[in-house]
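Peer 1: Chains A and B are the protein sequences, given in the same order. With this note's numbering, you'll find the first sequence wraps up at 277, consecutive numbering, no jumps. With this note's numbering, you'll find the second sequence wraps up at 108, consecutive numbering, no jumps.
Derived by calculation from the structure, the hints in this document are not laboratory data. By construction, the Cβ of each residue, glycine as well, lies at the ideal position given by its N, Cα and C atoms. Among the hints, a few may not be true.
Partial list, derived from the structure: chain B residues whose beta carbon lies under 10 Å from chain A [said to hold, decoys possible]:
1) K60
2) V61
3) G96
4) T101
5) R105
Here are the chains, one letter per residue:
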Amino acid sequence: MDFLEVVGSRRSIRIFKPWEQVEKEKIQRILEVVRLTTCPGNLQPWRAIVVERDKLSKEDRETLLACDNYQGAHVNAPVWIYWFADVEGSTADTFRTRVHDLVDLGALPTFYGWTHETIDSAIVKGETAPEGMPAIHSLIHGLPREAAEAVARQETVGACAVAVLAAVNEGLGTCLHMAASAEKTPDLHAVLNAPEGWVPVWCQLVGYPAESPDGGGQRPRLPFETLYYDGAYGKPFARNAEVVEKLEEEKLLQEEMPKPGRFEELKHLARMLGFPL
Amino acid sequence: MNDLKSCPSVQKWIENVNRYYNLSDEEWDSRLQTLADFCRSEEKDPDTVIAEALADRGEKVDFIRRLKKFVKTQTSNPRVGHDLENIVRSFFIHNGARVVTRPYRGDA
Numbered sequence: 001m002d003f004l005e006v007v008g009s010r011r012s013i014r015i016f017k018p019w020e021q022v023e024k025e026k027i028q029r030i031l032e033v034v035r036l037t038t039c040p041g042n043l044q045p046w047r048a049i050v051v052e053r054d055k056l057s058k059e060d061r062e063t064l065l066a067c068d069n070y071q072g073a074h075v076n077a078p079v080w081i082y083w084f085a086d087v088e089g090s091t092a093d094t095f096r097t098r099v100h101d102l103v104d105l106g107a108l109p110t111f112y113g114w115t116h117e118t119i120d121s122a123i124v125k126g127e128t129a130p131e132g133m134p135a136i137h138s139l140i141h142g143l144p145r146e147a148a149e150a151v152a153r154q155e156t157v158g159a160c161a162v163a164v165l166a167a168v169n170e171g172l173g174t175c176l177h178m179a180a181s182a183e184k185t186p187d188l189h190a191v192l193n194a195p196e197g198w199v200p201v202w203c204q205l206v207g208y209p210a211e212s213p214d215g216g217g218q219r220p221r222l223p224f225e226t227l228y229y230d231g232a233y234g235k236p237f238a239r240n241a242e243v244v245e246k247l248e249e250e251k252l253l254q255e256e257m258p259k260p261g262r263f264e265e266l267k268h269l270a271r272m273l274g275f276p277l
Numbered sequence: 001m002n003d004l005k006s007c008p009s010v011q012k013w014i015e016n017v018n019r020y021y022n023l024s025d026e027e028w029d030s031r032l033q034t035l036a037d038f039c040r041s042e043e044k045d046p047d048t049v050i051a052e053a054l055a056d057r058g059e060k061v062d063f064i065r066r067l068k069k070f071v072k073t074q075t076s077n078p079r080v081g082h083d084l085e086n087i088v089r090s091f092f093i094h095n096g097a098r099v100v101t102r103p104y105r106g107d108a
């Protein structure tokens with residue numbers, strides 16, 4: 001599928017075929033895509049644990065579902081990918097190690113000021129980074145653990161956005177769900193044997209959609225002009241109608257909800273799967 | 001059945017469901033019959049069932065526990081029983097009493 005069509009066809013799918021398993025190769029392909037996601041300092045603080053619902057013991061399945069308040073889509077989906085932010089993956093020391101590597105590989109050019117010495121003096125000693133480099137003395141030096149956790153979370157969220165597109169590209173339905181409420185997080189860690197420093201971010205549900213893959217149409221989005229500005233806030237970025245038309249042809253922009261027959265579809269799905277109407 | 005329809009909780013249920021799914025009169029007759037039978041087994045009217053379920057989580061859990069027993073008196077077919085349970089669950093849900101819902105899984 002073309003990139004624009006993947007983005008345009010993505011929906012949060014909430015009704016899966018519970019009986020149809022997902023090929024392990026497709027899950028691997030999703031994980032391979034995410035591995036290459038953009039990330040500052042090449043930190044890669046995301047981790048994932050892939051759970052096949054029907055391979056869990058009944059007890060573990062119930063515990064994990066309880067962590068997510070037994071949400072219907074979670075109950076319904078055959079694969080649950082738990083995405084975690086590894087706080088250790090975003091510490092100042094990890095950043096330092098990773099950017100050293102990037103300098104040695106030629107990704108961070110020395111002519112912008114990137115050397116082992118400038119990196120160490122900024123991150124370890126807090127000395128001002130030379131112009132041409134980001135202000136890592138301010139951003140990374142003395143980075144408190146809470147800030148490292150925030151970085152790990154935000155980068156994992158970004159990775160999850162890529163993960164859902166990768167799933168759509170495989171012809172799968174997918175949706176990001178809460179992994180666990182705060183009070184249930186220890187239960188999640190216990191069942192999945194997740195290390196203590198891993199913070200649950202999202203549970204990505206994956207399966208073949210029982211609902212129409214278009215999920216009843218694209219979700220309504222805020223007007224373009226209220227989201228984007230040209231030069232400075234106050235002057236909306238002009239939306240060119242010809243570009244819009246071309247994006248419709250390329251299937252980025254598709255018919256919005258509600259499409260006719262959506263509730264009829266939901267009615268039949270509820271009956272087929274045994275959910276209350 | 002008309003008595004049942006005069007209950008605010010039943011009216012709310014019908015209005016909420018029909019807002020989206022517009023079920024036929026025949027289907028409603030069948031659903032109302034199931035609700036009436038359940039309420040009779042509880043010896044309570046629908047409004048009282050909802051009021052008690054909303055007031056006390058333990059009471060709500062007990063209603064659902066008894067609902068499972070009730071459907072076994074109505075049918076020996078597990079899928080039919082699941083669907084009968086769902087009718088009463090729907091009545092709870094649309095009146096704000098959160099109950100867990102599961103797809104039908106045969107052996108589960």
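Peer 1: Hint check: is the beta carbon of R105 of chain B less than 10 Å from a beta carbon of chain A?
Peer 2: With a closest approach of 7 Å, the R105 of chain B hint holds.
Peer 1: Double-check G96 of chain B for me: the hint is only fine if its C-beta lies closer than 10 Å to a C-beta in chain A.
Peer 2: It is violated, given that the least Cβ distance between G96 of chain B and chain A is near 14 Å, above 10 Å.
Peer 1: With a cut-off of 10 Å on the beta carbons, see whether T101 of chain B makes it to chain A.
Peer 2: With Cβ-Cβ at 6 Å, under 10 Å, it holds.
Peer 1: For the restraint on K60 of chain B, tell me whether the closest CB of chain A is nearer than 10 Å.
Peer 2: 15 Å, violated
Peer 1: Just to be careful: measuring from the Cβ of V61 of chain B to every Cβ in chain A, is the smallest value less than 10 Å?
Peer 2: Cβ of V61 of chain B sits 14 Å from chain A, so the hint is violated.
Of the numbered hints stated above, those contradicted by the structure are hints 1, 2, 3, listed in ascending order.
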